[in-house]
Amino acid sequence: MISWTRKSLLTIEELKPDEISLILDTADSIKSISDKTDPIFSSLKGKRIINLFMEPSTRTRVAFEVAAKSLGADIISITGEASSLTKGETLKDTAMNVQALGADAIIIRHSSPGSPLFLSKMVEVPIINAGDGAHEHPSQALLDIYTLREKLGDLKNKKITILGDILFSRVARSNLWGLTKLGAKVTLAGPTTLVPADFKLLGATVTHDTQTALKDADAVMLLRIQHERQSASHFPSLSEYANVFGLGPLSLEWMKEKAIILHPGPLNRGVEIDSALADSSRSVILEQVSNGIAVRMAIMHLCISKCLDKPL
Amino acid sequence: MTLSNHESIDIIGARLVDPNSGIDGISNLYVREGRLYHQKPSSEPGQRIISGDELIVLPGFLDLRTHCRVPGDSKAETITSLTEAAAKGGFTSILTMPDTNPHCDNPATIRYIQDRVNQDSKIRVYISGALTIQSKGESMSPLGSLKDVGVVAVTDCPFTPKNNQIFLNALKYADMFGLVIIDFPQDSYLSRNTHAHESFLSLKMGLSGSPRLAEELAVQRSILISKHLDIPIHLSSISSKGSVKLIKEAKGAGIKISADVSAHHLLLDHKIIEDYQTNAKIAPPLREETDRMELIFAVQQGTIDSCNSSHQPYAEHHKNVEFDLAPAGAIGLETAALTFIESIQGKDPFKLLAEKMSYNPHKILRLNPPSLKDNCAANFTVIKQDNPWIYKKENSFSQSFNTPLDKYKFKHKIILTYSEKGIAYIDKP
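As you go down the protein sequences, you meet chains A and B in turn. Residue numbers for the first sequence follow my numbering, beginning at 1 and rising by one. Residue numbers for the second sequence follow my numbering, beginning at 1001 and rising by one.
Hints listed in this document are in silico derivations from the structure and should not be mistaken for laboratory results. If you're wondering where the values come from, they're calculated on a predicted model, not measured in any experiment. There's no promise every hint is true.
[Unchecked claim] Using C-beta positions, here's what the derived DEER-type ranges look like:
1) 93(A) x 1394(B): 17 to 27 Å
2) 244(A) x 1390(B): 50 to 60 Å
3) 1390(B) x 233(A): 27 to 37 Å
4) 290(A) x 1134(B): 40 to 50 Å
5) 16(A) x 1277(B): 16 to 26 Å
6) 76(A) x 1074(B): 33 to 43 Å
7) 1168(B) x 276(A): 52 to 62 Å
[What the hints assert, rightly or not] Cut-off 25 Å, straight-line C-alpha distance, at most; resulting in silico cross-link-like pairs (SDA-like, lysine to any residue):
8) 1392(B) x 120(A)
9) 121(A) x 1366(B)
10) 7(A) x 66(A)
Glycine included, every Cβ here is placed at the ideal spot set by N, Cα and C.
Using the sequences and the hints given, assemble the complete structure.
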């Protein structure tokens, strides 16, 4: 059995398939114990974790807070607006100060691609990437993959379609790395301006026809249209996007009967997904959120506890 | 104060390479009072004697793209550190870019730089003026007044005017004063807020990329305008293989286009940024291996006329930040010539080096190239072959050390640079 040797979780790209499975299996153990009893985990008891969130976030930040507390850690969240970064302090100085204040690990969300790697060269403590620009979002991909594995079983040769703003999406990149490493067939779909053909070089199938993208898929993952990352206009309007690429009642006719729908949130109801569909039985969106806690507990346990024999 | 140091020197048994006079062979060279002689002028030996068949003597280099930072950012560079770095790299002359603070769009700033240079430099510093005010591309700089105070070239490097009408008129107007026009070809919209070459790698890294097309559109614009106005335009820092093709065709059609490439682009490709190394983030971005090979070929074939240092110093705190927040640019004066030698395939890169870093840059600036002919003004550089050394912060003269070549082992070494002011650099082993 593979052992976990990493101090930090920076990308899915760097993980081996066995390492991904180990995180998912650890999350499975956590979830199955949690489902049966009201357990008290303590593998991070006495640890001080800093949630350094330089970009807005609800789900990810809170999920890390809940996960850390569930493992017995103290967690302090610092947001961009409330930090000295607004006074001109550099990320390097902020992180070194956070370390000097006794942090045992830093969870970072930042708009700059590569910022977790940058931090890992500056400080000694484990760094967990909670999303860096358009680069990666490992914990989101792991919870997505966890949810897919839970619903579809072994992901080998399963067809997963990711539809939407792929160009600016760290979720798409991390999922593409993770899913292909586990043998799934990934299709990326959306307008030509948001789905570059070069993604084929990472093993994806690329299409710009929504029907083609949906018809054989075992699962469809929708991505939010990210207004904040689009420096130029990549499509005419939100309503046109909704008409051509949004998932609506007509799309259901193209999809397999048992195909499930995922979304990393936050949803733009009526844009990438029809509101009723988001709340339908096909949707596993809220299960993703719940699974996010177990998966993040697994990540923190593996990276931070440093004593893997220690019980959870 | 003057920094002249006309020490007499005897160089014995070195190979002289001079494209200006056609000299290429083993000879002795005697430097007396700032002039070169092939025969010893008197029985008196020189104050300094260097000898050996591993020595190569070349005419002094001229850099066509130095971002000088004076005035405006003395933490990044001073005239002393800048020109000492240049001299260490074999440059006896440099051309500064206008992106200082205040900008080089007014005579007062030019005069200030000249004063600093007169005080602190052991080499010749030519100054380029901004083509447009603040290089914003909105209105023309006072080009006639800039010419009056000694500006030799005009450019908006590292930008280029977006507005074609202003660009066209500014070029017409600049040409009236005989100013050399240098364009830094990048389409402003396609290259705006980009941080790397647009490729699979930038896509994977989540970085917005600048496509080759951003450069090629601007190259083609300059070619068409040069043809339309029948005036010469020099294209600075070509990085795309597509640009090479366009320039080759334009030259073939008799259009008055010349071009240079940065030494970094001859040695490195974009893979060096894979771990978000900000010192390898430069403008234009490092591109792919196929581009690098085409650029080298274009240098060898003559499509690309010269090689620059694209020296852009930044203080450590500006570069040691998140990749997309770091400014683009790397220092290059100390390493450009040696990088050129490392990049060029073939056994004898020195003739090509003399052509691309001395003879052609002078011709592009419409200056008389230095020569190694008997009884000429002394302006030369001596390289010691097979004398490996490691480039590192401790032996760098530039005040900044934002280089992708940290700890690079160079095969050859520059041991002496002699400018119009005498010894500008001498290696102390």
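Are any of the numbered hints broken by this structure? If so, which, sorted upward? 3, 4 and 9
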